[in-house]
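Number of protein chains: 2
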Amino acid sequence: MGEALACKDAIYAFSKENKPVKSVASGSTIKIETYDCFQNQIRSNDTEINSINWDKINPATGPIYVETAQPGDILSVKIEKMELKNEGVMATGPDLGVMGHRLEKFEAKMIPIRDGKAIFNERLQIPLNPMIGVIGVAPAGEPVSCGTPGEHGGNMDTKLITEGATLYFPVFAEGALFALGDLHAAMGDGEVGVSGIEIAGEVTVTLTVIKGQSLKHPVLISEEGVATIVSAATLDEAAKTSVEEMIDLLLPKTDLPLSQLTMLMSAVGQTQISQIVDPLVTARFFVPKYVLDAYDIKLFD
Amino acid sequence: MGEALACKDAIYAFSKENKPVKSVASGSTIKIETYDCFQNQIRSNDTEINSINWDKINPATGPIYVETAQPGDILSVKIEKMELKNEGVMATGPDLGVMGHRLEKFEAKMIPIRDGKAIFNERLQIPLNPMIGVIGVAPAGEPVSCGTPGEHGGNMDTKLITEGATLYFPVFAEGALFALGDLHAAMGDGEVGVSGIEIAGEVTVTLTVIKGQSLKHPVLISEEGVATIVSAATLDEAAKTSVEEMIDLLLPKTDLPLSQLTMLMSAVGQTQISQIVDPLVTARFFVPKYVLDAYDIKLFD
Chain V
6 MGEALACKDA IYAFSKENKP VKSVASGSTI KIETYDCFQN QIRSNDTEIN
56 SINWDKINPA TGPIYVETAQ PGDILSVKIE KMELKNEGVM ATGPDLGVMG
106 HRLEKFEAKM IPIRDGKAIF NERLQIPLNP MIGVIGVAPA GEPVSCGTPG
156 EHGGNMDTKL ITEGATLYFP VFAEGALFAL GDLHAAMGDG EVGVSGIEIA
206 GEVTVTLTVI KGQSLKHPVL ISEEGVATIV SAATLDEAAK TSVEEMIDLL
256 LPKTDLPLSQ LTMLMSAVGQ TQISQIVDPL VTARFFVPKY VLDAYDIKLF
306 D
Chain U
6 MGEALACKDA IYAFSKENKP VKSVASGSTI KIETYDCFQN QIRSNDTEIN
56 SINWDKINPA TGPIYVETAQ PGDILSVKIE KMELKNEGVM ATGPDLGVMG
106 HRLEKFEAKM IPIRDGKAIF NERLQIPLNP MIGVIGVAPA GEPVSCGTPG
156 EHGGNMDTKL ITEGATLYFP VFAEGALFAL GDLHAAMGDG EVGVSGIEIA
206 GEVTVTLTVI KGQSLKHPVL ISEEGVATIV SAATLDEAAK TSVEEMIDLL
256 LPKTDLPLSQ LTMLMSAVGQ TQISQIVDPL VTARFFVPKY VLDAYDIKLF
306 D
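In order, the protein sequences belong to chains V and U.
Residue 306 is where the first sequence ends in our numbering, and the numbering goes up by one at each step.
Residue 306 is where the second sequence ends in our numbering, and the numbering goes up by one at each step.
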C-alpha cells in the first residue's frame, strides 16, 4: 500500500482543474492522512477567531486520479479503516449553526479522546462515532468549496460515512479526482452547532471504477442497508429527492409496480437528516438490508 | 380501569368546542379503542377511491376531559400498552405522498399481521414498530383537522410515540380534551407514501396534569432519551425549532453556558424527521438518556 498520502497535499475546493497529487489503478487501496476541518489551526480553548485563516477550512487530502475513470462512470470508495488522533476540537459562535442568532462570541473547545470516549468535561464522556465529513470527486461544472456538499459529494457530514461503508459517486472528470478530509470523532445528525468533534487522522480506502452504470447523487451501502444522499437548498427538497432517487434505484431491481414499491418504502424506509448547517443541507433515505435481501438486490457490479 | 372508550366516539378535528365523551381524574389510566385512519372503511385491495368517505379520515377517539387541567398546564400521557388488530392497510395514489406526481391511480393494499410481522407479500415480512399517529389535546385557537399536526400534537406521525414512552403536551383548554387514533403497525420516518401500515386497535394511557410548568411544543421521554417534536410549514423550520426548544429546555437544568450546550448538542443530539407528507411536516430533536443522566436532569415533576 505504500506511504500515506500526506495531509499537506490538500485542496479547499473540488474542481476538475485540480492537479492530481497521486495516480492509482482502479482497485487500489490507499491510506490518506487528513488535517482536521480547521487545518489543525485551533490548538487551545483560547484561540481567537481572528487568529484563524478562514481560507484554510475543510481541507480535503488529494485529489487522487483513479485510472480508467471517465465521466458517466461510478467511483466506489470502500472505507477500510479510520484512525483518529487523540484530541478533537469543537467550535461555535455568532451566525454559525442553529443557535448562531443567540451566541455572542466565537468559542473553541479542545476535547481529549481517551479509551474510545470523547471527554466533553468531567461529568460527560461521549461515545465515539467516527465519520468522514468531506469526501467526494470533482464536480461537473465550476469548482465547489470543500465546505459545500453536492452531487459530487463534498461536505455531506453524514454519520453513515464510516468504517465498513462503501460510497458510490457519479464521476464527472477524467480520473474522478477523489479527495477526503474533515473527520469527526463524534457528531449528531444535523451537526447543529456547525461542528462535530473535529479531528485529524488517517483513512484507508479502496477506490474502484464501475463502468456501465451511472448515478445522479452519492449512494452508500453498509452492513445495515443502503442510503441515497442528497444535498439541496432546503431539507424538504433534499429529503424528497433522496426518496425518489432510492425508488428509481430499486424499481428496476424488483417486480413491484411503482405504487407497491412506494407503499413498501413508506413502511420500511427512513428519511434522515445528515446536516442542516452547511451552505446547502443534506438528507438521506435509508432502506434496511433485509429488504434488499428479500429481493436479492445487488445494486452495483 | 373499566371498559375501553369506544372508537365510535371519535372526533375529526381537535377543538376546544368539542364536547367530552368522558371525564377522568388526573392520574387515571384508561383504555381507548381506535379505528384505523380510514375509519375502517377499506376492507379489500379493490376499494375504489370514490367509495371512501374522505370526511371520515384520521378519527381520534375522545375527547377526554382531564379534571383540573387548565390552559398553561402540561398534560402527561404515558403510553402503557398498545394492542393491534390482525390486519392493516396501506394506500397511496396521485397527489399523495412523495411519489404522488408519478402515480396514476389510488391503490389500497390489505396487510395481514402474523407472529409480530406484517406480511407485505410472499417475499417480504416487515418487523412491526407499533406507534400512534394522531395524539393530542384541543388547540388554542380554531379547530385543527385530525390530519394536521401542531403545537397541540395531532397528526405528528412520530415513530417514538409508542408503548413505554410518555408525551407531554401544552394544555390550551379546560380539561385538555385529549384524544388519540391513527395507529400504525409499522411506519418509516417520513411516511413517504402518505400511509404507514394503518391499523385499528386499543391503547391504554395514563393521563396526568402537571401544574406550574408549561411547554410550547410536545415533548417525548422514553427509556432511550428525550425528543422535542415540532411541526411547521417546512422541514428546515421544524428541525431548527426543535433544536432550539431542546436547548431552552435543557439550559436551566445544566451549568453549561449556551455556547457549550450548543456544542454538546452538536456532538450528541440528533435531528430526525417524523413525517413529510401531512399538510404540515414534523421534525424532532433527540438527546440520548446518558446525557440527561450525566447532569441528573429531570424535566417534569
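Worth flagging that the hints you see were computed from the coordinates, not collected in a lab.
Quantities reported herein were computed from a predicted structural model and do not represent experimental measurements.
You may find that some hints are simply not true.
No copy is singled out in the list; a pair is fine if it fits within one copy or between any two copies.
[Said to hold, decoys possible] Straight-line Cα separation of at most 30 Å, BS3-like style, residue types lysine-lysine; simulated pairs:
(1) LYS21 <-> LYS110
(2) LYS294 <-> LYS83
(3) LYS24 <-> LYS122
(4) LYS122 <-> LYS294
(5) LYS122 <-> LYS216
(6) LYS294 <-> LYS90
(7) LYS294 <-> LYS61
Right, here's what the structure says about each hint:
no.: 1; hint: LYS21 <-> LYS110; verdict: neither (37 Å within a copy, 45 Å between copies)
no.: 2; hint: LYS294 <-> LYS83; verdict: within (17 Å within a copy, 33 Å between copies)
no.: 3; hint: LYS24 <-> LYS122; verdict: neither (38 Å within a copy, 54 Å between copies)
no.: 4; hint: LYS122 <-> LYS294; verdict: both (29 Å within a copy, 16 Å between copies)
no.: 5; hint: LYS122 <-> LYS216; verdict: neither (41 Å within a copy, 39 Å between copies)
no.: 6; hint: LYS294 <-> LYS90; verdict: between (32 Å within a copy, 27 Å between copies)
no.: 7; hint: LYS294 <-> LYS61; verdict: neither (39 Å within a copy, 37 Å between copies)
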